[in-house]
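Sequences and hints are given; from them, build the entire structure.
The chain contents come next:
There are 2 protein chains.
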Amino acid sequence: MSDAAHLVREVLHEYGGIAQRALSRYLEQAAENDSVYRLASDYPLRGGRALRASFCIAAARVFGAPVSDAVESAVSLELFHNAFLVRDDVEDESEERRGKPALHVLHGVPTAVNVGDALTVLGLRPLMHNRSILGPELAWRVLRETERMVRESVEGQALELKWRLENACELTDDDYLRMTLKKTCWYTTIYPSRVGALIGLRHGEDLDRFVRFGFFLGAAFQIQDDLLNLAGDHDRYGKELAGDLFEGKRTLMLLHVFRHSTPKERAWLRELLGKPRAEKTTGDVRLLLKKMKRCGSLEYAKQVAHALSGAAAHEFKMAYADVPDSIDRRFIEALPLWVLERL
Amino acid sequence: MSDAAHLVREVLHEYGGIAQRALSRYLEQAAENDSVYRLASDYPLRGGRALRASFCIAAARVFGAPVSDAVESAVSLELFHNAFLVRDDVEDESEERRGKPALHVLHGVPTAVNVGDALTVLGLRPLMHNRSILGPELAWRVLRETERMVRESVEGQALELKWRLENACELTDDDYLRMTLKKTCWYTTIYPSRVGALIGLRHGEDLDRFVRFGFFLGAAFQIQDDLLNLAGDHDRYGKELAGDLFEGKRTLMLLHVFRHSTPKERAWLRELLGKPRAEKTTGDVRLLLKKMKRCGSLEYAKQVAHALSGAAAHEFKMAYADVPDSIDRRFIEALPLWVLERL
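Each protein sequence line maps, in turn, to chains A and B. Following my numbering, the numbering of the first sequence begins with 7 at its first residue and continues without gaps. Following my numbering, the numbering of the second sequence begins with 7 at its first residue and continues without gaps.
Think of the hints as simulated: they come from the structure by calculation, not from any bench. Don't take every hint at face value.
It does not matter which identical chain is used: a pair holds within one copy or between any two.
Computed list of lysine to any residue pairs in SDA-like fashion (alpha-carbon distance at most 20 angstroms, straight line) [unchecked claim]:
id, residue 1, residue 2
1, Lys-168, Val-111
2, Lys-281, Leu-293
3, Lys-168, Arg-44
4, Lys-188, Gln-35
5, Lys-106, Arg-218
6, Lys-255, Asn-173
7, Lys-168, Lys-255
8, Lys-281, Asp-231
Below, the structure written as structure tokens:
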């Protein structure tokens, strides 16, 4: 592991721990009042790195804010993240999440959808608390950022669902990146850096400088995630392997193999992708994965992820140009490399 | 129709029209940017009385606020209401809504769930606009009320889902009313009266006086709704008739017939209610409805609705004691009678 990845792990451990403890307090308090929040605690308590929360804390600290100024926003983001996971699992018919059966597999779709709502409304609570910590002006700005972030996420998910429903196959890398900007980058990397800066600087000027950094970083993160789904270690990845192929998810690898197929192969692929999840066989999926490997699709996606990571490293210098050295600055600077190395 | 019901219809027509036009502007503007909001416009554009929006406007005007001060909150509430409808239809496996197939029947569960999210995030937009109309303090208070309202609704829905999953049959009227307080009353009647008063009085003191009025009114409204589901006019009601029986919904009538059944009948009823929707036959449902009628369950529920309506009329006098006569005061005063007469 590189020094950069090592540093990221350490900071994730520290800030992630702080966020997880604050999150647990919210969940416990809520569960005392109503049992729906016990179900809502399931995904958050399955563990996870709390990457988004940690990034949010670091992005505030890098501008001089104490951890306590950022922790409510960080907890809120983790709650929204878990709400998105519950919904995505329902909408994608995923089977596993963080090494256990998905929530809708355990409790049925109606309950899972309601638990997603419970997590969303819980996510608003820390943003309400922000007022007494950050003051009314700043608390309001964080809320506006949150409204934008949820909107981007819903629109990105809509795009992906549309592609699947229409069995869209002739998509370009640009289409994929546009969807990823909305669905992944906005809440994973853009929101934490914007909100962190808002809290650290105590004003919301020039937040758009973080969009490009967050986009390149988040897209590299997502492509690596897609690659891990196909080739990762099940125990670490925590989801069924090659689940993306069963789900017909439009990844860079899928778009690549489609582009480089013969008309006959394309017809086969189109038919396979159009089938409901349950009708795809393991044999089909194995064959598709073999074709992808032969075609160099995984290698290609890896190269794109590397290029995006490089672009993120470049954008980091612009976005954080005026910031003095600190552990937080080094953490953020190391993220582009870490996303490629993480397992 | 009574004079009271006539007045309510006229005010609903006027304020509902204002709210619907403002709502349409939000939806059109959103749909220009992203096609997911075209799907999100489906339920709102199917028409409806905009009862909640009208109540919110009247509840602000009654304290002297202009319509323009309340219209953003009213539109937000309608958007949340439609989000709840989309989710409830998914979670209850309902087939129809406002005379047409339910959204998930038309587009599938994944898209419907995402459209519910789209409506929720759209609902936040007018609350952001509130700031320039109401000022930062009041806009924040409305947001806090909204967070509470969504929370109550999610908890009420969780309770109802739990009963269905556990096939709970031995519930009391109190259980039903507690669930209805959270699932229906909070957003239908309590929130509009609280937020209206907040906007009209420009402070949030003593808002709890509206909880009892809203609870009695909203519970009478819900029981009447449950009765219309069993005995209403399909064209006006806009949902499949007796859908509640197919869904196994725990209504006052169902709890009543269960209480007044022999052990043998109870066993039959319990088995029927435990079946998935698709396995219940029309014959089963007809027999259940016949038993309910013979047992006087519909008559009993009607009496409870009347008693609650009377209690609401009494509470009105307390909640709006200090308010001078106006069309808005008379509208709110007439609501308890109207909920019993509406079709």
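Open item on the list: If the cut is 20 angstroms between Cα atoms, do Lys-168 and Lys-255 qualify within a copy, between copies, both or neither?
Closed with: Intra 11 angstroms, inter 33 angstroms, cutoff 20 angstroms: intra-copy only.
TODO: Please work out whether the CA atoms of Lys-106 and Arg-218 approach to 20 angstroms or closer within one copy, between two copies, in both situations, or in neither?
DONE: neither (35 angstroms within a copy, 44 angstroms between copies)
TODO: Pop the pair Lys-255 and Asn-173 into one bin, within, between, both or neither, using alpha-carbon distances up to 20 angstroms.
DONE: within (10 angstroms within a copy, 37 angstroms between copies)
- [ ] Can you give me the call for Lys-168 and Val-111, within, between, both or neither, at a CA distance of at most 20 angstroms?
- [x] between (23 angstroms within a copy, 16 angstroms between copies)
- [ ] At 20 angstroms max between alpha carbons, let me know whether Lys-188 reaches Gln-35 within a copy, between copies, both or neither.
- [x] between (32 angstroms within a copy, 19 angstroms between copies)
Task: Lys-281 and Leu-293: within-copy, between-copy, both or neither at 20 angstroms Cα - done: within (15 angstroms within a copy, 41 angstroms between copies)
Open item on the list: When Cα atoms must be at most 20 angstroms apart, do Lys-281 and Asp-231 count as within-copy, between-copy, both, or neither?
Closed with: For Lys-281 and Asp-231, the Cα distance exceeds 20 angstroms both inside one copy (24 angstroms) and across copies (41 angstroms).
Task: Intra/inter-copy verdict for Lys-168 and Arg-44 if alpha-carbon distance must be at most 20 angstroms - done: Result: close only across copies, 13 angstroms inter versus 33 angstroms intra.
When the structure is compared with the earlier hints, violations turn up for hints 5 and 8 and for no others.
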